[in-house]
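Chains as they are written, first to last, in this note's numbering: chain A, 3 to 271; chain B, 1496 to 1696; chain C, 1496 to 1696.
Calculated from the structure, these hints are not laboratory results. Worth double-checking, as some hints may not be accurate.
Said to hold, decoys possible - Within a straight-line C-alpha distance of at most 16 Å, the following computed EDC-like cross-link-like pairs (lysine to aspartate or glutamate) qualify:
1) A:Lys266 <-> A:Glu244
2) A:Lys182 <-> C:Glu1601
3) C:Lys1555 <-> C:Asp1523
4) C:Lys1662 <-> A:Glu244
Said to hold, decoys possible - Here are a few chain B residues that face chain A, going by a calculated C-beta distance under 10 Å:
5) Val1498
6) Leu1543
7) Ser1590
8) Arg1604
9) Val1606
10) Asp1620
11) Val1645
Ideal Cβ positions, reconstructed from N, Cα and C, are used throughout, including at glycine.
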Amino acid sequence: MTVRDTGQYSVFDDDPAPVGSPGDDENLVVDIDGFEGPLDVLLALARSQKVDLKQISILELVQQFLDFVAAAKLHRLEKAADYLVMAAWLAYLKSRLLLPEENIEEEYSAGEMAARLSFHLQRLNAMRRVAATLMSHNQLGRDVFARGRPEPVIVTTVTSGYEVSFYQLLRAYADHKTRKAVADIRIHQRDIYSLDQALDRLRGLIGDVPDWTDLFQFIPESVIDAKMTRSVKAGLFTASLEMTRGGSAEIIQKQMFGPVFIRKRDRKD
Amino acid sequence: MDVREQSRTVEALLFASDRPLSALALDDCLPEGSDIDRLLADLQQHYLDRGVNLVEVAGKWMFQTAPDLAFLLRKEVEQTRRLSRAAVETLAVISYHQPVTRADIEAVRGVSLSRGILDTLMAADWVRPMGRRRTAGRPVTYGTTDHFLVHFGLNSIKDLPGLGELKAAGFLENVNISRLNLLDDDKSGTEQPELPIPPDI
Amino acid sequence: MDVREQSRTVEALLFASDRPLSALALDDCLPEGSDIDRLLADLQQHYLDRGVNLVEVAGKWMFQTAPDLAFLLRKEVEQTRRLSRAAVETLAVISYHQPVTRADIEAVRGVSLSRGILDTLMAADWVRPMGRRRTAGRPVTYGTTDHFLVHFGLNSIKDLPGLGELKAAGFLENVNISRLNLLDDDKSGTEQPELPIPPDI
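Next up, chain A with everything else stripped away, as it sits in the complex:
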């Protein structure tokens, strides 16, 4: 069987709902998305025992859950780590329930752990029952109606001329924050060696050097920072291309990834 959360609320009390008819375990088709977490599955399984929740067999319940998880593993359990953690805990509980008590020196007895699980299931069940009752209560605007055409009078001990709900206040702040998160983009100023700087440096130095020179010889000695060095290299390289294009220098690279050499060029050449 498949369970789907249709998003619709139904009066689920005493519905033998989610896990499907008990007994057809062989045909158990599991859709984890249909359940709201492992406790939900456990409650559905416990209900399928068709006894008072206080009387459920925890051992049987544990086994059913482990079967459920085993079946679900074939599907998309990776989405539901909670189920695996619960399964691990239940497997532990099961082993404790099967072992004789006296051999175990731990804080909680298996009986206590089982009682605790049972309590949680009973409480969740009780909350679901009252939730259903609450929703079936007469609701204003659904079952009972206020005056449809109220006459414009407001009889209040007037406290303020303005009406703002707490929700609106929080909403305003959150919207403001959301907008601000989009608007406040700060770009850190980065240290870069500009093309102009590189051109100035190359033009100034290139005349002093007679022959082919490794372009990176022109990196200023003051530059030691690795990031800055990269920027300077990029700047110098771009500048060398620029000067070559302009005819005031020529460059040569003898092998791939090898050094780039540059020398001054006379226009007359």
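Following the hints, position chains B and C against chain A.
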């Protein structure tokens, strides 16, 4: 202004309004020495078996259509939007356990509270932040609004259906404490057992 | 459905309707063979000397406050007004960042604070001058009032949900909070002690 006129006045004010009015506010519109409680009781009696009833909700008074006529009126008015099951359950946990923290809600429901639930309930003006709990992290606590009471026709939180049974069964005790009490009364909250189960089982 | 039930139905329909209803429309909601004209006449008679009357206007029927009580409705016409969006946002900024100066508010909101917003918030008794900041120009700082707390049901300003809690509740979609917090750190002046404000401010 005799009692008859006083009654008509209260009737007119309540009839004109589409939201509940407090006895105090109504009394302000009456002459000195009027017995507003008596007037309200009499009006309530007069309307008891009519198509419109006078009800007390959230400690205030309002006229609304008789519940037994719901089946006739429903088609007249657009159905209120359906809440998701998770939202309904969350609303129930908040209303019965209030004030509760997010963690409390998650502990009771056994699943983490997804986005869009609390803000939906707050947008409907059924739930609001109440304050902060005096525990580590001082988490915000949530509770229900007066509008919640009005919407569900309750005079106070004490009128929630099944409240007594839940209390008797120990389901409404402090969520975290009750969990520990179940195991060991002497254990203080700091010695929570480290069981590998999120959320707390 | 006997005549009594038919009458209750008509009464409820007229009460809940947001517009006057024709006899024909009402008749549609009643079983075959109902005498709608008779029902309306009887209802009109019943309400004749009460605080509300059933009246026929332009061939349609509606409940209306008795003419002699209309003064009640006019007397208290203190309609609540809506705050502008900018004002709500300013109020939110003040409540979260107080004490703040005008300039702070403008810096946080990124727009200049138009005249009248602070006045409006102060007139509503939600915001008040708190003191003067010990910086150049000694600008006045603003914060929220006790009345603000009462209005929004807060025990203290610390009860306002934090950014993390707002996000958890679904208010902040796709916003990186840690980044927001960082941006908020430039809230200047928090370390400077406030000066008490002279009484004439």
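So, going through the hints one by one against the coordinates:
1. A:Lys266 <-> A:Glu244: holds, 13 Å
2. A:Lys182 <-> C:Glu1601: At roughly 13 Å apart (the allowed maximum being 16 Å), Glu1601 (chain C) and Lys182 (chain A) satisfy the hint.
3. C:Lys1555 <-> C:Asp1523: With a Cα-Cα distance of about 14 Å, the restraint between Lys1555 (chain C) and Asp1523 (chain C) holds, given a limit of 16 Å.
4. C:Lys1662 <-> A:Glu244: With Cα atoms ~52 Å apart, Lys1662 (chain C) and Glu244 (chain A) exceed 16 Å; violated.
5. Val1498: Since the shortest Cβ distance to chain A is 20 Å, the answer is violated.
6. Leu1543: violated, 15 Å
7. Ser1590: Given a least distance of 7 Å, the restraint on Ser1590 (chain B) holds.
8. Arg1604: Nearest chain A Cβ about 7 Å off; hint holds.
9. Val1606: holds, 3 Å
10. Asp1620: holds, 6 Å
11. Val1645: holds, 6 Å
In terms of the numbered hints stated before, the structure departs from hints 4, 5, 6, listed from lowest to highest.
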